[in-house]
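Colleague: Listed here are the chains, written in short residue letters.
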Amino acid sequence: DTEVTQTPKHLVMGMTNKKSLKCEQHMGHRAMYWYKQKAKKPPELMFVYSYEKLSINESVPSRFSPECPNSSLLNLHLHALQPEDSALYLCASSLTGQDRNRDEQYFGPGTRLTVT
Amino acid sequence: AQSVAQPEDQVNVAEGNPLTVKCTYSVSGNPYLFWYVQYPNRGLQFLLKYITGDNLVKGSYGFEAEFNKSQTSFHLKKPSALVSDSALYFCAVRGVINAGNNRKLIWGLGTSLAVNP
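In order, the protein sequences belong to chains A and B.
For the first sequence, position 12 matches number 20 in my numbering, and the numbering has no gaps at all.
For the second sequence, position 28 matches number 40 in my numbering, and the numbering has no gaps at all.
These are computed hints drawn from the structure, not numbers from a lab.
These numbers come from a predicted model, not from an experiment.
Heads up, a few of these hints could be off.
[Said to hold, decoys possible] No more than 25 Å apart at the CA atoms, straight line, and that leaves these computed lysine to aspartate or glutamate pairs for DMTMM-like:
#, chain 1, residue 1, chain 2, residue 2
1, A, K27, A, E75
2, B, K116, A, E52
3, B, K81, B, D21
4, A, K27, A, E11
5, A, K61, A, E92
6, A, K48, B, E20
7, A, K46, B, E20
8, B, K116, A, E66
9, A, K46, A, E112
10, B, K61, A, E75
11, B, K116, B, E76
12, B, K61, A, E11
13, A, K49, B, E76
[Said to hold, decoys possible] A short list of chain A residues far from chain B (calculated; beta carbon distances all over 12 Å):
#, residue
14, Q14
15, P16
16, L19
17, M23
18, S28
19, G36
20, V68
21, F72
22, P74
23, L81
24, N83
25, H85
26, H87
27, N109
Think of the CB as a built atom: it goes at the ideal place given N, C-alpha and C, for glycine as much as any other residue.
Throw the hints in and build the complete structure from the sequences for me.
Modeller: In structure tokens, the structure reads:
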């Protein structure tokens, strides 16, 4: 099973709402990632969890709050977002072997977020 | 500066013809290079990677890529294109050291491939 699942597929939220994005993988991967992607652009790294601990925060605004409840699950909590936060949010995972830099990442299908 | 360049925004090729999507890189040390593909309204899919060893790397869906150290290139190729190969292709390289000895993945801007029937 090389699948990363994400829910919901689409999300429309107002600027005062609180919502969460969910990601799940059952490949035994120990690194999980959140990316933001604008149309026809490369993905922008937001957060990296390694062995359920936050290892990288790419200076993301605090209105985005990640959470890794266990090795298979990754959440992204959203609060007071701005219209410019509208994008495709991608979750990914990777094995994290002896040299984690060799590992490819497996991506979910993404959540299309629209902030109104 | 460490970077990845995909010099062509768009590549058009006729079905059945060979295709090449170009990628050049600039990185300190030994490069770890990756190709990903993104079909419309989908997430990215891993195609292949070069870590070490044979310069010709074979990947998914009949794609291959050739690592050329002297030209600092990692071009993606396929002998016979299919209409279903039409997608957005990203080259990426492991670059600068980040937290925890991770080397940050640096992405190219992407090349849109259109295969015409």
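Colleague: Each hint needs a verdict: does it hold in this structure or not?
Modeller: Each hint, compared with the structure:
1. K27/A with E75/A: Holds: K27/A and E75/A sit about 13 Å apart, inside 25 Å.
2. K116/B with E52/A: This hinted pair holds, its Cα atoms lying about 11 Å apart.
3. K81/B with D21/B: holds (23 Å)
4. K27/A with E11/A: Holds, because 24 Å separates the two Cα atoms, which is no more than 25 Å.
5. K61/A with E92/A: The hint is violated at about 28 Å.
6. K48/A with E20/B: holds (14 Å)
7. K46/A with E20/B: holds (19 Å)
8. K116/B with E66/A: holds (11 Å)
9. K46/A with E112/A: Holds: K46/A and E112/A sit about 22 Å apart, inside 25 Å.
10. K61/B with E75/A: violated (30 Å)
11. K116/B with E76/B: holds (24 Å)
12. K61/B with E11/A: Holds, at roughly 19 Å.
13. K49/A with E76/B: holds (23 Å)
14. Q14: violated (8 Å)
15. P16: Answer for P16/A: holds, closest chain B Cβ roughly 14 Å.
16. L19: With a cut-off of 12 Å, L19/A remains clear of chain B, as the shortest Cβ separation is near 15 Å.
17. M23: Given that every Cβ of chain B is farther than 12 Å from that of M23/A, nearest at about 25 Å, it holds.
18. S28: holds (19 Å)
19. G36: Check passes; 16 Å lies beyond 12 Å.
20. V68: V68/A is indeed farther than 12 Å from all Cβ atoms of chain B, at 14 Å.
21. F72: holds (18 Å)
22. P74: Given that every Cβ of chain B is farther than 12 Å from that of P74/A, nearest at about 15 Å, it holds.
23. L81: At about 17 Å from chain B, L81/A clears the 12 Å cut-off, so the statement holds.
24. N83: holds (17 Å)
25. H85: holds (21 Å)
26. H87: holds (24 Å)
27. N109: violated (5 Å)
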